[in-house]
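Place chain B on chain A using the hints.
There are 2 protein chains.
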Amino acid sequence: MPKGTKTRTSILNQALDLSSEVGLEGLTIGRLARQAGMSKSGLYAHFGSKEELQCQVLNAAADRFTKVVLTRAFSQPRGLPRIRTMFDGWLAWGEQEFPGGCPFIAAAAEFDDRPGVVRDVLTEHIGRMLEMMARAARFAVDEGHFHPALDPDQFAYEYWALLLAHQHYCRLLRNEDTEDRTRRAFESLVARAAHPTR
Amino acid sequence: MPKGTKTRTSILNQALDLSSEVGLEGLTIGRLARQAGMSKSGLYAHFGSKEELQCQVLNAAADRFTKVVLTRAFSQPRGLPRIRTMFDGWLAWGEQEFPGGCPFIAAAAEFDDRPGVVRDVLTEHIGRMLEMMARAARFAVDEGHFHPALDPDQFAYEYWALLLAHQHYCRLLRNEDTEDRTRRAFESLVARAAHPTR
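Taken in order, these protein sequences are the chains called A and B. Position 168 of the first sequence, counting from 1, maps to 168 under my numbering, and the rest follow consecutively. Position 45 of the second sequence, counting from 1, maps to 45 under my numbering, and the rest follow consecutively.
Same shape as in the complex, but just chain A (with noise of 0.2 Å):
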């Protein structure tokens, strides 16, 4: 990597860390200058904007993402399997990988109702997460684990559901249960996915 690239990558990591405890709207050029020891005309010189700097952090989430989650998950074999994998996954992204959780779903509140670039970056690597959801359920239909009339979209919006209530009941509520509770709900959610009638 070139020196410049290196940089830039290691202030997008702490950018990274810092926004899921203080929100992308928290992370001020100043205050990420004074944690990478650099000057806010040298961050500007690297992002141009905060604007700029909030979606490069939301491209670098995503970049992790694939990094942590998605690699291992495309090594199992796919359906079930990679279902499964990928949301062990995602729920030690969400616990594990950040001190505020899953910067994604801190955006989310942010920006719901803020149009503009940053929200149009959101709603693009989120939407992602649901098209590969569908199509992970998808092969799980052609490889026999899941039954022909499951709506693969509906098995991601419930598969969402499930993510979105995990980070609610262990961040807020520190709820000691969570993890039972939200595998259990997962369970049912496969269960329903295999035999729709049941």
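Hints listed in this document are in silico derivations from the structure and should not be mistaken for laboratory results. No false leads were mixed into what you were given.
Interface residues of chain A toward chain B, partial, derived using beta-carbon atoms under 8 Å: (1) Ala109; (2) Asp113; (3) Glu158; (4) Leu164.
Label pairs and their in silico Cβ distance ranges: (5) Thr71/B <-> Asp142/A: 47 to 55 Å; (6) Pro81/A <-> Asp177/B: 26 to 34 Å; (7) Thr7/A <-> Gly30/B: 36 to 44 Å; (8) Lys67/A <-> Thr71/B: 48 to 56 Å; (9) Gln35/A <-> Gly4/B: 41 to 49 Å; (10) Arg31/A <-> Gly127/B: 31 to 39 Å; (11) Lys67/A <-> Gly30/B: 38 to 46 Å; (12) Gly127/B <-> Asn13/A: 30 to 38 Å; (13) Thr9/A <-> Arg84/B: 46 to 54 Å; (14) Gly30/B <-> Pro81/A: 49 to 57 Å; (15) Asp120/B <-> Glu179/A: 19 to 27 Å; (16) Asp177/B <-> Arg72/A: 24 to 32 Å; (17) Arg34/A <-> Gly30/B: 24 to 32 Å; (18) Tyr44/B <-> Pro81/A: 56 to 64 Å.
Cβ coordinates follow ideal geometry from the N, Cα and C atoms, glycine included.
Positioned in the frame of chain A, the structure of chain B alone reads:
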């Protein structure tokens, strides 16, 4: 209502609408003063501090929730009719009652990492809502609408997951199928609560 209480209620309702869009942290005394046509010192006289204002806004949200959602739900017979009415009310609450969606869900993302009195008030309100949902599920068991083997807290968890996903799909992704997806997932949840072996 005495005049002081009236003014206070009116300010809190404005603060509540504003905070659903800009977040509880974006709700500065200065911004609220401009909107309410009051001086900052006048607002400080009412609320003392920003934290106190944030707590009062959450309490005002809970009061409004009781008025527009719970009162109607509690006019229904115990058990499934009440659970259905509550669910409808909850969807309308997030979609129609506020310019920026459910204030509790918005505040959750902001305050899950910030220990303090605002977070305490928030988790108390959300915890109470979930406890209420679990109790409603217990009543549904008593009435014979749900199966005796149902875990009421698991029901409340999955119910809450759907409300979170609904808000995400509606407000962030602007997905046109959202209401249909949420209702299908809700019917599936209710059917499983009635016949857990299915």
